[in-house]
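**Q** Each chain is listed here by its residues.
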Amino acid sequence: MSNAPTDRRYAKSHEWIKDEGDGSLTIGITDHAQELLGDLVFVDLPEVGQSLDAGGDCAVVESVKAASDVYSPVSGEVIAINEALDGAPETINEDAFGEGWMFKVKASDMAELDGLLDAEGYDALVAEEE
Amino acid sequence: MIYDHSRKGRRATAQAPLEKPELSGIPAEMVRTSRPNLPEVSEMQAVRHFTRLSQKNFSIDTHFYPLGSCTMKYNPRACNTLASLPGLLARHPLAPDTHSQGFMACLYELQEILKTVTGMHAVSLSPAAGAQGEFAGVAMIRAYHDARGDDQRTEILVPDAAHGTNPASAVMCGYKTREIPTGADGDIDVEALQAALGPQTAGIMLTNPSTVGVFERRIEEIASMVHHAGGLLYYDGANLNAILGKVRPGDMGFDVIHMNLHKTFSTPHGGGGPGAGPVGVSERLEPYLPVPMVDYDGHDYRWLSEKDRPDTIGRLSAFAGNAGVLLRAYVYARLLGREGMHRVSEFSTLNANYLLKRLMEAGFDAAYPERRASHEFILTLKKQAKELDVNTMDFAKRLLDYGVHAPTTYFPLLVPECLLVEPTESEAKEELDQFVDIMRTIKQEAESQPDLVKQAPHTMPVKRLDDVRAARELDLAWKGS
Amino acid sequence: MPFIPHTEDDIQEMLETIGVDSIDDLFDEIPTELRCGELQEIPPGLPEMEVASLMQSRARTDGQPLCFIGAGAYDHHIPAAVWELTTRGEFYTAYTPYQAEASQGTLQLLYEYQSMMTGLMAMDVSNASLYDGASALAEAVLMAVRGNRKSKSKRILVPKNLHPHYRRVAHSIVRNQQIELVEVAYDKSTGQVDMADLESHAGEDYAALVIPQPNFFGVLEQTDALTDWAHQNGMLAIAVVNPLAMSLLKPAGEWGGQGADICCGEGQPLGAPLASGGPYFGFLCCTDKLVRQMPGRIIGKTVDMDGKPGYALTLQAREQHIRRSKATSNICTNQGLMVTAATIHMAIMGAEGLQRVAATSHANTQKLSEALSSLPGVEPLFSGAVFHEQVMKLPIETANALRMLAAHNVLGGFDLQDDYPELGDAVLVCATELRSDEDIENYRGKLERVIQSQVQTPCQLKPDW
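Residue numbers (my numbering), protein chains in the order written: chain A, 1 to 130; chain B, 131 to 611; chain C, 612 to 1076.
Hints may contain errors.
Calculated lysine to aspartate or glutamate pairs in the EDC-like style (CA-CA distance at most 20 Å, straight line) [unchecked claim]:
| hint | chain 1 | residue 1 | chain 2 | residue 2 |
| --- | --- | --- | --- | --- |
| 1 | A | Lys65 | B | Asp290 |
| 2 | B | Lys559 | C | Asp621 |
| 3 | C | Lys763 | A | Glu47 |
| 4 | B | Lys584 | C | Asp917 |
| 5 | C | Lys919 | B | Asp605 |
| 6 | C | Lys978 | B | Asp605 |
| 7 | B | Lys609 | C | Asp621 |
| 8 | C | Lys771 | B | Asp290 |
| 9 | B | Lys516 | A | Glu130 |
Calculated from the structure, these hints are not laboratory results.
Use the sequences and the hints to build the structure in full.
**A** Quick look at the structure:
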């Protein structure tokens, strides 16, 4: 069972996205996703300035036995990355919804957020998978 | 570590020229000033160190090694001895044909034997390993479509149970891949295949018997569907041991195949290579075979290069691939001869079916109990994992304590908690019986003292290793103390 | 039955357990119409003594001529201990170390190999090997295209004086990914990379420059200048080197201001016999920054549950068995056994031993060059300094000369006609530490007679001396 925070939205591919209210959106992977992957050993982040398409792969999270693409839930431009993850990928295991954020984007179309799941919808998806 | 024995100024003087001549004519700025960080040890220290290292390995020569999909059968010593005759070891790869007739005769005859046993039209021996054979095979499929101007074919189909190299090889040839699901009976889902086929289909990569250890029964129908859509069929020879001399990929309708000589033709696995991955093709792909190849005009043998074969996909190694491995396979083929070929599949299949039956009687679950095993089979330890909280990895590690190399674990991914077991034809019945006894014992241990199994192995040089640390805190080379 | 231990009783008992009447029944899922009959074209099996006699006769057929060919494969002494140990069953018949606890021998050996290679090349990281030098270059090219974050280019600059087979192999392997190898000319007088031609590519977008040391002509390159030029132009520097030469020459990791980014090549000079071209092994080293772009197996040192040091496959998420279509390469195994030999070879030889071999090979090639130059019309073609190979100009048709020498059991070198027709009659020769003064004199004497016989033949063009 998952307990997704209600202050953000979710993609079916297990990313969360949070509107910071200052024109930026923060993106990471969910606690459920990190649990499936196990101990993370490496995170490959996009570059600042890179432009992203909604649903396009833009980052990779690696555990010992798996590597998983991270897809951007919205289109836009990367304005910041979480450099602290370099050398400390376990932060995502420890705090996927907080300190384990991955990157921030400036969205080109905020309406894309509407197509994403809310916390309840995401919890239901996870329950279904289990 | 070998470096632990290193002392400045110590050396194995018998092994090098007596002197180090002055370098004449080489500009000073090109000369190395730093001392290479190599150990300085005596010859005996090296011999003792590496002998001791070897003793930390499981191997076919020392242990039962039922590693599924890898065909760990006996590697006859004659193959090594006869491929290592001084004349063969000394032959330079660019020696003229006049000084190569003996060597080329072996290669040519091996080409012919492989052609016959696979039912293909022509064979090139040059790929250095199975993965390079796969690359060559898909590259030929691409060359065929390109030559016809058929450039809309952008997709290679692979079963979801396929070995990871299949999609990786397809991508190296510039293709996208699409996965085809496997049905509940272990055969490919033919309806899903039909739906996936189209004008974008360049081909399909199949293993038969498949990676789930059963024969793809509707292979003729699949071949005709793919051909009808304009695609070609690629045969991954990983499991050729199961059907050698019984049924031929060429007769099943495959257009291109690779063989793993380190599996089916018993060349050594060498701790992970060298292998050899010759490719065979149907007539329409013949022009694209990789070079070099050996030709024979009834009198002399000669190399065929890019000049003779202008449509070739090209060269994959600097010289002629893993020549020494090819010679070992040739010796093996001559020792077996035509009667020996089908015995390989007969006895590997007999051993697998016997072992499966006995393990089922001992309370283990087959992943496909209704199916005939090929030369290998899959057990699923789902029940044990759920009821006893002892998983496949724990079983695998505990097997090591009993002196058996673990079968392949967690492959193919679609069977939960799986063990892929391939006993091979070279194991005697009593070895298989002993394996059953060991598996039964581990099951009892899992029930009565699960921690013993969950913390296994207990008798190896090391216990379970910290993989996470290995990947997070990379230590990939000793850089000096 | 060769290599099958079953007795009649075993077979009967096993069939009864399975519940079938015959072995043939076990193939009942294969459609009958597909089954093949006897494979008459395959010869019947032979006992070991007959196969032995066949192979001995085949090996004798090829003789053991005196070899002055290099061109990517070199005849060096291999200490007897190397293959005695390498063919121990525990190394020879093990497989990829999937079960780390039961493979510490192979794993530790590979870690020691990685340590020695990084030491020899002065690079940060080495993988556990690739198939051969040529395919290692192809993988280096793919790595550079993925790894150069400054460049989006799929073009690579490759000098024409790089081994022609390497250039062809790299092309065969990378072309389907629309990667283009762009040729850089060589200087006709020195044999080195033509700096003026290279300069014409300055400011253009390329992923990398390939830098051979020595190049195919045996000539040494200005590796500092070439590496710096690549970096100034936003390219990665890919070194293709002879590992033996690296014991004596400035190693790739020390080239120019920052060192080469990737270093690859043929490992054969480190303990692999000539053996008709394989198995050898390709080595591949890189900087720490590029390690995740590296293809192939990599071994890491770690600890076990009790904190005891141990070795394991690591960074596996790059590889095909996990990453499938997004893997760095399709490669699975490496050339484990050849690396076993190379590791033992390097341990026994040490830096001093390798340097003596390298320096003696250099000196012997100088002697050979001088001896052959004493013949009229024979001289070094390029002025650049060489390691242990040299291009010699001949006064007669090369193919013919080599044929006649071979008839007298001397392999006189590699004919450059096919790959470099612009060089005219030229041959690439090599004398390793194994070629004695008598061998060199033998070659000189025979070439002298060949030249005499040719220039006296009226149908031959008379040289201008």
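**Q** Hints the structure violates: just list their numbers, smallest first.
**A** As far as the earlier hints go, 6, 7, 8 are violated by this structure, in ascending order.
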